[in-house]
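Since the structure of chain A is already known, use the hints to place chain B on it.
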Amino acid sequence: MAEHPYELITHFNLWVFLIPFIPLLGSLFTLIFGKKYLQEKAHQIPVLAIFISFLISLKVLFEVLSGKIFDFDLYTWISASNLKVGLGFLVDPLSIVMTTMVLSLSFLIHVYSIGYMYGDPGYYRFFSYISLFTFSMLMLVLSNNVVQLYLGWEAVGLCSYLLIGFWYEKKSAANAAKKAFIVNRVGDFGFALGVFALFYFTGTLYYHDLFSKLPLLSEKYIDFLGLEVHVPFLIAFLLFCGAMGKSAQVPLHTWLPDAMEGPTPVSALIHAATMVTAGVFMVARLHGLFELSSYAMAMVAFVGAFTCFMAATIAPTRFDIKRIIAYSTMSQLGYMFMACGVGAFAAGIFHLFTHAYFKALLFLGAGSVIHAVHTNDIRQMGGLRKYMPYTFVTFMIGALALAGFPGLSGFFSKDEILAMAYFSQYPWGKLVWVTGLLVAFLTAFYTFRLVFRVFFGEYKGRKDFHPHESPRTMVIPLCLISIGAVFAGWLGVPHSLGGNPVFLNFLESVLGHPKTLPMEHQTEYLLMGLSVMAAFLGILLAWIVYLKRPSLQFWLSQNLPSVYRFLYAKWYFDEVYDLLFVRSTLWTAKWMVTKISDGILIEGIINGTAKLISLAGSGLRTVHSGIVNHYNTFILVGLILYFILYFCLR
Amino acid sequence: MEFLQNNLLSVILWLPLLGALPIFLLGKRFEYTAKCIALFTMLIDFGLSVLLLFSFDFQNPGFQFVEKRLWIDSLNSYYFLGVDGISILFIPLTTLTTLLCITISWDSIKEKVREFYLALLFTNIAIVGTLCALDLLLFYVFWEAMLIPMYLIIGIWGGPRRIYSTLKFFLYTFFGSVFMLIAIIYLFLKFGTFDYTKLLGVPLGGLTEKLLFLGFALAFAIKIPMWPVHTWLPDAHTEAPTAGSVILAGILIKLGAYGFLRFGLPMFPHAAQEFAPLLLLLSVIAIIYGGLACLAQDDLKRLIAYSSVSHMGFVTLGIFAFNPIAMKGAILQMINHGIVTGALFMCVGIVYDRTHSRAISYYGGLASVMPVYATFFMIFTLASIGLPGTNGFIGEFLILLGTFFTNKLLVVFAALGLIIGAGYMLWLYQRVFFERVNPNIEGLAPLRVNEFLSLLPMLVLVFLIGLYPKLFLDYMTTSIEHLLNNLRF
Chain A
1 MAEHPYELIT HFNLWVFLIP FIPLLGSLFT LIFGKKYLQE KAHQIPVLAI
51 FISFLISLKV LFEVLSGKIF DFDLYTWISA SNLKVGLGFL VDPLSIVMTT
101 MVLSLSFLIH VYSIGYMYGD PGYYRFFSYI SLFTFSMLML VLSNNVVQLY
151 LGWEAVGLCS YLLIGFWYEK KSAANAAKKA FIVNRVGDFG FALGVFALFY
201 FTGTLYYHDL FSKLPLLSEK YIDFLGLEVH VPFLIAFLLF CGAMGKSAQV
251 PLHTWLPDAM EGPTPVSALI HAATMVTAGV FMVARLHGLF ELSSYAMAMV
301 AFVGAFTCFM AATIAPTRFD IKRIIAYSTM SQLGYMFMAC GVGAFAAGIF
351 HLFTHAYFKA LLFLGAGSVI HAVHTNDIRQ MGGLRKYMPY TFVTFMIGAL
401 ALAGFPGLSG FFSKDEILAM AYFSQYPWGK LVWVTGLLVA FLTAFYTFRL
451 VFRVFFGEYK GRKDFHPHES PRTMVIPLCL ISIGAVFAGW LGVPHSLGGN
501 PVFLNFLESV LGHPKTLPME HQTEYLLMGL SVMAAFLGIL LAWIVYLKRP
551 SLQFWLSQNL PSVYRFLYAK WYFDEVYDLL FVRSTLWTAK WMVTKISDGI
601 LIEGIINGTA KLISLAGSGL RTVHSGIVNH YNTFILVGLI LYFILYFCLR
Chain B
1001 MEFLQNNLLS VILWLPLLGA LPIFLLGKRF EYTAKCIALF TMLIDFGLSV
1051 LLLFSFDFQN PGFQFVEKRL WIDSLNSYYF LGVDGISILF IPLTTLTTLL
1101 CITISWDSIK EKVREFYLAL LFTNIAIVGT LCALDLLLFY VFWEAMLIPM
1151 YLIIGIWGGP RRIYSTLKFF LYTFFGSVFM LIAIIYLFLK FGTFDYTKLL
1201 GVPLGGLTEK LLFLGFALAF AIKIPMWPVH TWLPDAHTEA PTAGSVILAG
1251 ILIKLGAYGF LRFGLPMFPH AAQEFAPLLL LLSVIAIIYG GLACLAQDDL
1301 KRLIAYSSVS HMGFVTLGIF AFNPIAMKGA ILQMINHGIV TGALFMCVGI
1351 VYDRTHSRAI SYYGGLASVM PVYATFFMIF TLASIGLPGT NGFIGEFLIL
1401 LGTFFTNKLL VVFAALGLII GAGYMLWLYQ RVFFERVNPN IEGLAPLRVN
1451 EFLSLLPMLV LVFLIGLYPK LFLDYMTTSI EHLLNNLRF
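Top to bottom, those sequences are chains A and B.
Under my numbering, the first residue of the first sequence is numbered 1, with each subsequent residue one higher.
Under my numbering, the first residue of the second sequence is numbered 1001, with each subsequent residue one higher.
Please keep in mind that the hints were generated in silico from the structure rather than gathered at the bench.
Quick caveat, the model's predicted, so the values are computed rather than measured.
With a Cα cut of at most 20 Å, we get these calculated SDA-like pairs of lysine to any residue: (1) K171/A with W1427/B; (2) K595/A with T1231/B; (3) K35/A with T1375/B; (4) K430/A with E524/A; (5) K1408/B with Y200/A; (6) K1190/B with Y642/A; (7) K590/A with W1427/B; (8) K1470/B with T204/A; (9) K1470/B with L74/A; (10) K36/A with P1446/B; (11) K35/A with A1445/B; (12) K36/A with A1445/B; (13) K1210/B with Y642/A; (14) K590/A with T1231/B; (15) K1408/B with G203/A; (16) K36/A with P1371/B; (17) K84/A with L1467/B; (18) K171/A with R1436/B; (19) K213/A with F1405/B; (20) K590/A with R1358/B; (21) K611/A with I1163/B; (22) K171/A with D1298/B; (23) K1470/B with S79/A; (24) K36/A with R1448/B; (25) K36/A with M1370/B; (26) K590/A with A1359/B; (27) K84/A with K1470/B; (28) K1470/B with L87/A; (29) K170/A with I1441/B; (30) K170/A with P1371/B; (31) K220/A with F1405/B; (32) K1408/B with N82/A; (33) K171/A with P1371/B; (34) K170/A with M1370/B; (35) K611/A with F1170/B; (36) K171/A with R1431/B.
Looking at chain A on its own, in the form it has when it is part of the complex:
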């Protein structure tokens, strides 16, 4: 990063240190004293802690804006031989943007949860976990080395596990929590190997050393089972396995929809805005590595594009309000990876940033709806705009932003990605662009399917109670986040629209400019027009199908039942995995390992030996004949054997 006019500060900075550790203290305090002493006041300390932390992060943000970068170790965490890894912090434009985003949302979601979780027996536990999550996420983004990244990476996974399984009495919640952890472990298996390989080839795990040593790898190949493998590709692939797990990309995506078993604020914070974007963050953080191998870039782009499309085809078949939004999250994460895959890392992070706000808004809105009607099933909703005006308006803002309505945050970030893909020098840029455009249409369609079924038409839920607006602690955060959902995109208005993309410029100072063909304003306008059209078509179609001609809803299931079934079954990933990995492993464990190998083979040999010895014992008894001649013979044989052995061993 030497070419940038930043001032590097390598000594300890208290403010930076306090950002993650204040939430940690809040979490531990609440966990230890919550049950006995705090009870319904358990939210106070965590909320205060996050707020203070947020203010500090703003202070640090201004320091970074004024041209400072912090990179220091708190202490040496692990050292052995030539390995040295610290717990430390790297605060640069990328990490400070993530930090303020995480803290602002975490604060608002903490406040929202005061109302949403009110009266839950695990109230204190909830606030403790969610603060612990905030700490872990901050350790992840602020880390200055790969091992601490891994620490944060697994710690956010743990918090996700604890919060998905928050209502652990429910079997489905406990299953979902376990599934999330294990699927992520599969990704982390690759990630860990990637870290080993990184250390093996570069001898360091600190970012600042890595950035300078990575170019040395560009021409390195190793022999793997007879194949010549390009080292940067190998490392990038292994690390990307972790990203696929954490950011729910195919083929490690199956845990995210199930994760909706957790409380809704958790879905908003962890499974939409922050944790699931860690994969994108990691790819952007190590962009120098990915850019060394065009195969790695292609892999990122294709995985992103495929997930983006697949999730968008599944979302319209769901009836659970949270799962629809979850598939949408998966799809939007796909956009971010597509951006990374065409080298537009800043655009990817920009979308990550805007998406965090509008998607958190949608989830919290959904939470407000669920709070009101006590069901997740959109077939039992309808007409709610009359009962819950604030929720309706804010949800609408989120939906429009997600659909890419001009002027809202999602529009600018999505168009930035599409433009970068279209003009990209990578050969797969056009394909990414087409996918992005198609998915823009699908996104608008399923988002407004949701809006129309939930807020328009007639109320179809239980007649014994009336839906009502949520309490103020929930509505105020909704309003505040919707401000973000509207304006977050304005930090990146492109030049062609007469804006100044300050956000992108800020990030490109560390993430680099994407390699693009010359961009003409006319083409840019055309691209924008196309994507706006796609969005409007999607909304229009949803309007026709779900409000104008409701009978059309069943068109797909009636005319193309096999396609519908395929989509409804989520492309059969769960079934195949269950058969291929879960059942077969359990079968091997039970029969091959425990029953046959341990039970019959090894125990058979051991017990057989024991029997043989006791048989030999009873046989040898006859040797004690008491006849001296016999004994002499034994002595002779023994001596001969001794000499043979002696000469062999000498």
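For chain B alone, coordinates are given in the frame of chain A:
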């Protein structure tokens, strides 16, 4: 004071005997006094072993706190004690484990109380002796002596199938030791000494060295236990009383790995290198095989026992990678495994005392009934699956990272163990603690003070090692360098 300084190891070693004497002499009515004496003795012993840690000289790669007196003149055998960076950490681990075994058994052992605590104290003596002995004959005596109190602990205070299990345990390990004894006798006959430090430099080679190595290796492999000589372990762990399982898993099985580090590698360097590929392969098999076996268990203790097979696979992998990072990881992982598995066995013992069932299907929803206990169990579970921030991570990370320099393909397979490990531990946790409360366990008593206090030190160590491993890793640095330098020629 001067006496203590010069004889610190002997004092730590024999202090429990001093405590055992009054327990032995007291009548049957003084069971409570006997418990108190045992507790007090081990508290002092643990305190002294911490003092040992603080008096250690980090720069010295050789043996420290050395004591050498003639023991058996005719055999030229010495009472020769000493510790270096490889063994020192195990001494406080042993005394702490024994101490916690006393506190965890406080209320649960109701029959033959005095005898039980005597057995625990004698086990402690034998184990510390094994760790300090630098005379092969002395080592062998302690090594075998360890079996006797263990045999009694399982056989007297164990579960329903205790006789079968304890016999199996005894015969299995004894079988291995015999070959080690033959190797020791051969060495004595050839070189006329049992002195470890003198035997280090002796010229061996060829078939002799290989056979001698195998003699030692068989004893150690059974103790660890490596695949495929591991089948004594699930039975012994399962039937042993809580304290028995804790000592077995916590320290006893580490002695096999310690044996490789102390004797197997430095005394027979060529043979060790020759057999290393085989032992690495067996380690990886143990990691995966042990993990898979865990998935098929419905017995809490059996599951944790099989997980030991898997975790010890990581340890032997780290040892035979002959890499300084991996070896550090291996030694640390031995400590970690002692802490975490010991704690997990204590946890199982705590509910077993209340329900008298070890079947996983007997439980369910325990987190609602015993929340504090559930928190402890969760943290040990996380340490067991190597979550960063806990001690398990540091050990596994160093082992795999170091082994990556020796053999990449093996690391890929070994790392699969991380996925399987998460699988069986979280599944176990779900079945025992989550979902609806099983009627069997409604209204179980919360953690008692002695149980809480037994688990707390383990919890502190989990995070202390996980967050500041330097405190422990620094002890090993020079000794490991020294050991590996002697292996390269």
